[in-house]
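Protein chains in written order, with the numbering used here: chain A, -5 to 338; chain B, -5 to 338; chain C, -5 to 338; chain D, -5 to 338.
Please note that the accuracy of each hint is not assured.
Treat identical chains as interchangeable: a pair holds within one or across any two.
[What the hints assert, rightly or not] Think about it this way: if two alpha-carbon atoms lie no more than 30 Å apart in a straight line, the pair counts; the simulated DSSO-like pairs of lysine-lysine are:
#1 Lys112 / Lys213
#2 Lys(-1) / Lys213
#3 Lys39 / Lys143
#4 Lys125 / Lys(-1)
Simulated from the structure, these hints should not be mistaken for laboratory data.
In this text the structure is predicted, and so the values were computed from the model without any measurement.
Given next are the chains, with one letter for each unit.
There are 4 protein chains.
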Amino acid sequence: MYSFKNDYSEGAHPRILNALIESNLEQDEGYGEDRYSRQAIELLKARIGRNDIDIHLLSGGTQTNFTAISAFLRPHEAAIAANTGHILGHETGAVEATGHKIISIEVSDGKLNPSLIKEVLEAHPDEHMVKPKLVYISNTTEIGSIYQKRELEQISEFCKENNLILFMDGARLGSALCSVENDLELSDLATLVDAFYIGGTKNGALLGEALVICRDSLKEDFRYHMKQKGALLAKGRLLGIQFLELFRDNLYFDLARHANTMAGLLSEAINEAGYGFLSHSPSNQIFPILPNSLIAELQDDYSFSIWKKIDSDHSAIRLVTSWATQEEAVSAFIALLQKLAGRS
Amino acid sequence: MYSFKNDYSEGAHPRILNALIESNLEQDEGYGEDRYSRQAIELLKARIGRNDIDIHLLSGGTQTNFTAISAFLRPHEAAIAANTGHILGHETGAVEATGHKIISIEVSDGKLNPSLIKEVLEAHPDEHMVKPKLVYISNTTEIGSIYQKRELEQISEFCKENNLILFMDGARLGSALCSVENDLELSDLATLVDAFYIGGTKNGALLGEALVICRDSLKEDFRYHMKQKGALLAKGRLLGIQFLELFRDNLYFDLARHANTMAGLLSEAINEAGYGFLSHSPSNQIFPILPNSLIAELQDDYSFSIWKKIDSDHSAIRLVTSWATQEEAVSAFIALLQKLAGRS
Amino acid sequence: MYSFKNDYSEGAHPRILNALIESNLEQDEGYGEDRYSRQAIELLKARIGRNDIDIHLLSGGTQTNFTAISAFLRPHEAAIAANTGHILGHETGAVEATGHKIISIEVSDGKLNPSLIKEVLEAHPDEHMVKPKLVYISNTTEIGSIYQKRELEQISEFCKENNLILFMDGARLGSALCSVENDLELSDLATLVDAFYIGGTKNGALLGEALVICRDSLKEDFRYHMKQKGALLAKGRLLGIQFLELFRDNLYFDLARHANTMAGLLSEAINEAGYGFLSHSPSNQIFPILPNSLIAELQDDYSFSIWKKIDSDHSAIRLVTSWATQEEAVSAFIALLQKLAGRS
Amino acid sequence: MYSFKNDYSEGAHPRILNALIESNLEQDEGYGEDRYSRQAIELLKARIGRNDIDIHLLSGGTQTNFTAISAFLRPHEAAIAANTGHILGHETGAVEATGHKIISIEVSDGKLNPSLIKEVLEAHPDEHMVKPKLVYISNTTEIGSIYQKRELEQISEFCKENNLILFMDGARLGSALCSVENDLELSDLATLVDAFYIGGTKNGALLGEALVICRDSLKEDFRYHMKQKGALLAKGRLLGIQFLELFRDNLYFDLARHANTMAGLLSEAINEAGYGFLSHSPSNQIFPILPNSLIAELQDDYSFSIWKKIDSDHSAIRLVTSWATQEEAVSAFIALLQKLAGRS
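For reference, chain A alone in the conformation it holds in the complex (with noise of 0.2 Å):
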C-alpha cells in the first residue's frame, strides 16, 4: 500500500537528519537564541534579498496561524479568508480560540480577489459587526491552485488602500513557487504581503514553519506572542538547524520542484485517460474526479483522500506528492490507473 495521502507521511529528507546529527553534542543557547537559527534567519533574509523583516521558526501551519494573527490582531478585528482556507475549517477553531472571528468568502478556485474582499468591507461598516482587518491567504491553496504576480499585486494593492494586514499562508509555498506556472519570487512576497511563512513540515522537514513579518507595525514583541502561545522550542536549534539545511543551497526548492513533477506525471496521466479535475492545480496536489468503481480498485493498493462527492458515480479524490514520493510508485499508480481505465 503505496500513500499519496499526504506530503508528510515520510520523515524528514536525509541531509536534515544528518545536519542533526553533526551538532548534536554541541551546547548552545535555547529558545531560538543559538547560533544554527540564527544563522538561518540570516540565511533566509539573504535569500528574501531584505534586512528590514523579521523572521521566526515556529513548530507547525495552526501554530503559526493562530500564533500570527492573534498577534496581529486587536480583540474586534476579523479575518477574512476563502472558504477553502485552512483556518476556516481544519484547524479546530484555533483562531477563534484567540477570539477572532473569521469571515468565509465562498470562492470556487481557492483564491480570493479585491472585488470579493471589498464585499466584506462594505457588509461590516460599523461597530455592532466585526471590523474586517487581516486579509488570509493560502499558497498554494488549499485545493491545489497558486497566486499568479498580477493577482497578488491586485490583493496587495487593495489592502494597503484599505489598511488591511495581508498574510499568506505558505504552508505549501515550496511547492507553489516551483510550480511550472508561478512568476512570483521570494523577493516579491515580502513586498507584497505584510507576513507569510515558509513552510518547512511540508517540504523535507520534520516540523517547522519560517515565519517572515514584513510590515513594521507587526514585529514588535512578537516573540512573546510566541512564548505565549507555547511556539518557542527549549531546543529552538532543531528548528534552525533544518531551515539552514534546506536554505543553503538549493535543497528546498529541489524537493519541491520534484513534488510538482510528480504531480505533473500523475496529472497528465490522468487527463490522457480522460478524466477532468475539481480545480486548475499546477502544484503537489491533484484533484482528480473518477469513477467511484476505479476509486474504489485504486484503494486496494493506494491510500488517498476521498476529497469531494461529485454525483452519484463519481468523487474528487485529493493525491498528493512530496519531496519523497518515489517516481516508481507515480509509474505504478499509472500503469494501474490505464489498466483499469482501459477496461472501463
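Using the hints provided, position chains B, C and D relative to the given structure of chain A.
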C-alpha cells in the same frame, strides 16, 4: 565555555537520532496516529501499569500546561500554584491567555500542601471570585525539590475530598523519580494525580512531553484541544519514535540518573567547600549561594544563571545538569571551585 | 419624523417606571439577591409551569448570548446558527471573543431544521475541525418568522439524539408567542429547549433578559459566569422589579400583542397596495419590498432601515413596531403609503 | 435592620427617576447614539475641561474594567494592581477571561507608587514572562484611602517614562474627589491618567459608569469593544439621562459629599469610643476594628460586612455610606455603639 545553564543545551541522545534515521523513509499516518506513537503510548501504559489512562504526546512544557489546563477547566475556574510555579511566572501568561486566573501561594520550598490549598478555598467563597478548581504542582519543583509519596498522598486526598483536579507538571519528572530521596513510582502517579506529564525535552529528547490523563472525566475529546492549540504535529511520529526509544528499556531513567549523579557531585563539592544552598535539591538543578566575586570568576569558564540576589556580597546561582553533562566538565568545575574557594 | 426603526426607541412602559419609583428607597441586597429578583424568578417559574429550572436576569441580548454560550461550551465546541442569526453578524464577534466558532447555515427563512443541522454534523467528523455542540435559534427570527411547535419538536428531538444543546434567543420571544400563527406556550419551551431567554428590552423594559436554563447539566455555577462577563448588576433589583411588573399580570403579552397588531395593520395595507415581502413575518418586524422612489418619499416623514437591495429599482425595508407604537402613527403611515402608491 | 453594607442598597436618586419619566416616551436612537447620551458626554467634557477626550457610558464597574483593559492591551501584556485591587479578587477573573494576567503587588494602604511598579518591571525582563503594560489604580481604593495629587503625579510621570498605560477605576470617584483630604480635580485626572471612569452606580444612579479615554492611541474603535463585551445597551439613553441629571448641576458631588459626611460622623464617633481602624479612610467606606462581641450586638440591628479577622477577639468591619444614607440612621448607630462600648 561549558554550560550548566539548563538541561536542553544539547540535541538528543544519540539512540534517539538513530531511531529517527531507521524509520525515516517509512510512510505512516499523520497527526500522532502513526504506529510509533501508538506503540509508544501502549508501552507507556505498560510502564505505568494501567490501561485505563489516556496518553497524548505534545511538543513542550508550556504547550502541555496550557492545553491541558484550558481543556480541564470551565471559564470561571482557576488554577492554584506555588509562587515558584512555572505557569505563573515563566510562560508569558499562557494559561491566562486561555482565560483562566492562576492563584499564587507563597512558599519557600516550591511545594504545596493541603493546608495551603485549604486557605485558598476559604478565601474564595462565592461567585464574585474565581472558583479554585485545579491544583498545579511540579515534580521536581522549579527549585529542585521533590515530592515524597506521603506528601503527594495528602494533597491527593485533599483534592479528592474537595473535588479539585490535581495536575503534575513533569517537565523534570525523570529527575524526580530517579532522585536518591524519591519514593514514588510512575504507577503511584496514575493513582494519586488526575493528570501529569513525563517530560522528554529536558531528559534526552529533541522535544516531547507525554501527557497522562488518569481521571475519566478529563479524557473526552482531548485531541480536539491539542489540534486547536497547535499541539498535533503533522509528523507526530517524531514524538512517538522518541518516547518509544526512551522507554523500550531503561534509557529514560538512566539518563535522568546520570543528570542527578552529576548534580550530586557538584552539590557535595560545593558543600564541602563550605557554601550553602537556596533550597534542598536532590535533583538535577542545584542553587548554591556563592560570593559574587567567586561567581564572577566561575563565569569566565562556565555558563550558568544567576538566580537570586541574597545580600550585597552573595547570590544564588543555578547549576543544571543533564543526560549530556560530561563528568570531566563536572570535575573541572569542582577543581576550579576548590581552587578559587581555597584562595579566598 | 416618526420612527419604525426598532422596538427600543422609547423608554419603558409607564408601569415599569412606577414600580421603580415605589420601591426606590427600600434597602435590599445587591447583585440579584434582592427580594424583587427572587420574586420575579419565582413568578416566571410559575408562568413557565416548572420548578426544576434556573432563571437569571441579565441586561441585554448580546450579553445573554455570549455569557450563556461560553458557559455551556468547552473550548473546542462550536455553535451552529442560521446565516441570519444575530450572534453571527450583529454582535461584533462576541461569541468568538469567548473562543468559540459559529458555524453558519445558509437559509432563506431564518430558521433551522434537523436536516440542515445534520449536514453540519456530517461535515465535522473529527478533531481537525471544531465539534458542533450548540444549536442557536431565534424566535422570532431576525427576519420576523416564527417557529411552529412541530418544527421546534423536530429540532429538539434531533438535538437530544445527537447530544446537542438547543439554545433559543428570545430577544423577541414576546412577539413570537403572541403571533397569530404561534402554537407554542412558554411551558413548551422549557420542555423542548435546553435554555432560552425571555426578552424584556424589546418588549417594554428599560433593559433586561430572563435566561431560563432547563437542562440540569448547564446550571452549575452560572452566576460565576454572569459576574465574570459583567452581567451581575450591583443594583440587580432594577431587573427584578421590571420582570415582576411585566409578568405579575399579562402586561408582557399585552405589549407584545399590541406590537404584533400594529405590524399586522402595516402588512395588510402594504399587501393591499400591491407590494410583496422579503419574508413571511407574522410578528413585529416586517420586510416589505418597495420601489426605491417610494421609499425615498416615505423617508421624508418616517425613520426605518433599508434592509436589502432587491434590484436596481426596489429594496426591502424593515418596519418594526413595539409596545409603544401609536396606532395613529400606523394609520398615518398607511395613508401616506396608499397615497404614494396610488399615484405611481 | 438598617444596612451599611454597601452603597448600592437603594434605587436611584429621585431626580434621576424623574428624568427617566420625563423623557420616557420620546423616540430616540439606540445604542448610545441618542441625544441624552450625546449631551451627557458633552457636559462631562465641559466639566472635565477638555474636548480632546473620548467618553463612553457603560453599565457597571466590572464591565468597564474588562472592556477597557482588554481593548487597551495586546495579548502578551499584563496589568499591574495592588493586592486589594477590585479586578484582582472580586471580579471572578473577568480580566483574565479576556486573556490577560494581572500582576499583584502587596500593599498595606491600597495604593501603588513608582517604586513598587518599578520592582515589577525589573522582575519581568523578557519574553518568558508577560510584559507589564497597564497600571490599575482605584480612587477611592478598595479600603477607602485616596490618592493625593502629588502621589498621582509621581505615578503618572513614571508611567509616561516607562510607556505604561495608567488606568484609574473610579467606581467611587465621587467619594474620592469630595473627600476632605482630596486635592485632585476632575481636570487633573484627564492630564495625569490615560483613562479613568466616573462611577455612577455607587453614587446615585441605577447603573452607569462614564469611561473617559484621554490618551489618543487608546481611543480607536472603542465602541466595537463595547458592543463585543455586551456594554452597548439598546436603550443607551438610560445611561445618558442619568449622567445628564447627575452633572447638569452639582448633584453628583452633593451626593458624594453627603456619603462622606455620613461616614465621617461614624468615624469620629468610633474613634471617640476608643476604637482603631484598619486603614486611613477619608471617604465613604470605613473599616473600624471592633471587639467581636460588640460586632455581634451591632448585627442585631445593622447589616454590614465583616471584613477581616484581626485577632481572636477583634475583627475589622466595613461600614459603607451612600447618597441615600439617612442621618438618623447614622445617629442611631452611633448611639448604640456608644451604649455598647460604654458598657464594656
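Going through the hints against the structure:
1. Lys112 / Lys213: both (27 Å within a copy, 26 Å between copies)
2. Lys(-1) / Lys213: between (36 Å within a copy, 29 Å between copies)
3. Lys39 / Lys143: within (21 Å within a copy, 51 Å between copies)
4. Lys125 / Lys(-1): Between copies only: 24 Å across, 38 Å inside.
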